[in-house]
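Order-wise, the sequence lines are chains A and B. Residue numbering for the first sequence follows the numbering used here, starting at 40 and increasing by one per position. Residue numbering for the second sequence follows the numbering used here, starting at 101 and increasing by one per position.
Quick caveat, the hints were computed from the structure, so don't treat them as lab data. Warning: the hint list may mix true and false statements.
Label-pair restraints from in silico Cβ distances [stated by the list, open to error]:
1) A/L269 / B/L171: 38 to 46 Å
2) A/G219 / B/D124: 24 to 32 Å
3) A/G219 / B/N109: 41 to 49 Å
4) B/Q233 / A/G241: 53 to 61 Å
5) B/L268 / A/L269: 57 to 65 Å
6) B/S166 / A/L376: 23 to 31 Å
For each residue, glycine too, the CB sits at the ideal point set by N, CA and C.
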Amino acid sequence: MRIKALVIRIIRQFVRDKRTLAMMFIAPLLILTLVNLVFSSNDYEPKIGVVSDQQMVVDKLKLSDKAFIVYQKRSEAHQDLSEEKLDAVLEVELPSTTITLEGSNPTANKASIMMIEKTLKTMPDQDTEKIKLNPEIHYLHGSADMETFDYIGPFLIGFFIFFFVFLISGVSFLRERTTGTLERLLATPMRRWEMVVGYVLGFGIFTILQSAIIVSFAIYVLDIMMAGSLWLVILITLMLAITALTLGTLLSAFATNELQMIQFIPLVVVPQVFFSGLFTIETMADWLQPLSYIMPLTYGGEAIRDIMIQGDGWGDIYGNVLVLLGFSLLFMILNVLALKKHRRL
Amino acid sequence: MQTVIQVKNVSKNYRSHHVLQNIDLTVNKNEIYGLLGPSGAGKTTLVKMIAGIETPTTGSISVLDSDMPKLNTMTQIGFMAQSDALYGELSGKENLEFFSSIYGLKGQKQKERIDQASDLVNLTNFLQKPVNQYSGGMKRRLSLAAALLHDPKILILDEPTVGIDPVLRQSIWDELYKLSKSGTTILVTTHVMDEAEKCNQLGMLRDGKLIASGSPRELKDNTSSTSIEEAFLYYGGVHHAN
Numbered sequence: 040m041r042i043k044a045l046v047i048r049i050i051r052q053f054v055r056d057k058r059t060l061a062m063m064f065i066a067p068l069l070i071l072t073l074v075n076l077v078f079s080s081n082d083y084e085p086k087i088g089v090v091s092d093q094q095m096v097v098d099k100l101k102l103s104d105k106a107f108i109v110y111q112k113r114s115e116a117h118q119d120l121s122e123e124k125l126d127a128v129l130e131v132e133l134p135s136t137t138i139t140l141e142g143s144n145p146t147a148n149k150a151s152i153m154m155i156e157k158t159l160k161t162m163p164d165q166d167t168e169k170i171k172l173n174p175e176i177h178y179l180h181g182s183a184d185m186e187t188f189d190y191i192g193p194f195l196i197g198f199f200i201f202f203f204v205f206l207i208s209g210v211s212f213l214r215e216r217t218t219g220t221l222e223r224l225l226a227t228p229m230r231r232w233e234m235v236v237g238y239v240l241g242f243g244i245f246t247i248l249q250s251a252i253i254v255s256f257a258i259y260v261l262d263i264m265m266a267g268s269l270w271l272v273i274l275i276t277l278m279l280a281i282t283a284l285t286l287g288t289l290l291s292a293f294a295t296n297e298l299q300m301i302q303f304i305p306l307v308v309v310p311q312v313f314f315s316g317l318f319t320i321e322t323m324a325d326w327l328q329p330l331s332y333i334m335p336l337t338y339g340g341e342a343i344r345d346i347m348i349q350g351d352g353w354g355d356i357y358g359n360v361l362v363l364l365g366f367s368l369l370f371m372i373l374n375v376l377a378l379k380k381h382r383r384l
Numbered sequence: 101m102q103t104v105i106q107v108k109n110v111s112k113n114y115r116s117h118h119v120l121q122n123i124d125l126t127v128n129k130n131e132i133y134g135l136l137g138p139s140g141a142g143k144t145t146l147v148k149m150i151a152g153i154e155t156p157t158t159g160s161i162s163v164l165d166s167d168m169p170k171l172n173t174m175t176q177i178g179f180m181a182q183s184d185a186l187y188g189e190l191s192g193k194e195n196l197e198f199f200s201s202i203y204g205l206k207g208q209k210q211k212e213r214i215d216q217a218s219d220l221v222n223l224t225n226f227l228q229k230p231v232n233q234y235s236g237g238m239k240r241r242l243s244l245a246a247a248l249l250h251d252p253k254i255l256i257l258d259e260p261t262v263g264i265d266p267v268l269r270q271s272i273w274d275e276l277y278k279l280s281k282s283g284t285t286i287l288v289t290t291h292v293m294d295e296a297e298k299c300n301q302l303g304m305l306r307d308g309k310l311i312a313s314g315s316p317r318e319l320k321d322n323t324s325s326t327s328i329e330e331a332f333l334y335y336g337g338v339h340h341a342n
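Generate the whole structure from the sequences, applying the supplied hints.
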């Protein structure tokens, strides 16, 4: 009897909480759809620059696949490679054959090598015998023994910091409301923006610590590849954390309890994983790609990767820092406006 | 007599729900004004509007001669909410430090005010304890202390004595009288009829309407009642036609 009463009560609570109900059914569909879109996408199409003194080889390669782009000068090809316009450069200058890979992305590396090998195989024997011999493989960044973790690690650092800061700051700002302390604060002359800035600063101190610890752990304990500056990585993760912090406190205004805050994870956090660079954005459906521009994790993940694998400096990543700063400011302003719901002044 | 709080023809709606309708009331300096009514009558909404947290749908509220809500005026108000708005992880002292800092109190002055306020509510010996180990009554008292910290001209207390034992309740009322004598104006809500007798002026609130106002004596005399409860029943329309 008591169990029945309990069951009825729970059912009633659920029915009244339409949001939680919707979340139970719609969120899994959303995630499944996203995963499906991401993984059923086309194969990666590498772009390979070709430099050769053998006109016949050049012609054949050009005909065989649009992946091959012919360069007259070796220096131009390598310039484009370093600017990530190409994934690899194939140099056929008898008697040696060299492949130079951009190296950052294992998927692109593999796709490039496979494309080159496949194409060379289709050539008539008398041409290829000279070429096939022993293509030497060079890496612009990284190396053949770069592990998968070296590649995904930078994104995971960014992601985990984003995820936890988002959740914790969101829930604690929410609790300010549910315990009545927000109302109590609004009875004081404290201004709304002061409250938002106070939260950013208070949590900011912990996010600095968090960023430093996670980044150091990844580099010194997990021995992740690190080509650039430790301080720049910490700076980026900190910017990412502040973006997550401001987004978390903003969204907490639209949740009435902790459970509803957690429901934002599949809506806001998980989709960002797909666009953070962990998966190759170029292979996604075309209409899906622009979504990456509105996801903070895109900018953070990209910058962390470029610093850690390619050794990028401040000049290469300050744009990303500015974008993250812009996101943070936008979320803070929106939060100040959202607090208007609780007090007009 | 100086008017401190002036509520003029105030109504408050949440969508189509009328919480308060055409409320007019005046609170004078040094008065202890009691808002009496059952829960759901709109007491909390009314005091929140006076405190500047909510805004009326129609009508106007002025406090200390300026229209609410106004941040400057809010520094003159001490507000004790119905729920104990305290940070459970922090100690009593840390809570008081936090709230006093918001009002710009610091250093020696802050220390003095915290000592005074916590002494007033008998919490001096418990200030180091985290608030989540406090009893319900202790939390109420700490909330009251937090509202008193900045020595406000107006004290707004929403159900201040819920869960406080009778001896302490009496001592809190004694303090309220002292504060009112020294120039503080006090607005207090309550649903306890006998507590209403302790106020100088009373407003009876029922279903969002102010059904009567006056001193407890006037209200009783006008209805030939022996208690405030009887008077409330009379004004609420539950009187015998005799």
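Status of the hints after comparison with the structure:
About 44 Å separates the C-beta atoms of A/L269 and B/L171, a value consistent with the hinted range of 38 to 46 Å. The supplied range of 24 to 32 Å is met by A/G219 and B/D124, whose beta-carbon atoms lie about 29 Å from each other. Distance hint check: the CB atoms of A/G219 and B/N109 are about 29 Å apart, inconsistent with the given range 41 to 49 Å. Between B/Q233 and A/G241, the C-beta spacing of about 24 Å breaks the proposed range 53 to 61 Å.
For the hinted restraint 57 to 65 Å between B/L268 and A/L269, the CB-CB distance of approximately 58 Å keeps it satisfied. The hinted range of 23 to 31 Å is satisfied by B/S166 and A/L376, whose Cβ atoms lie roughly 25 Å apart.
The structure shown violates the earlier hints numbered 3, 4.
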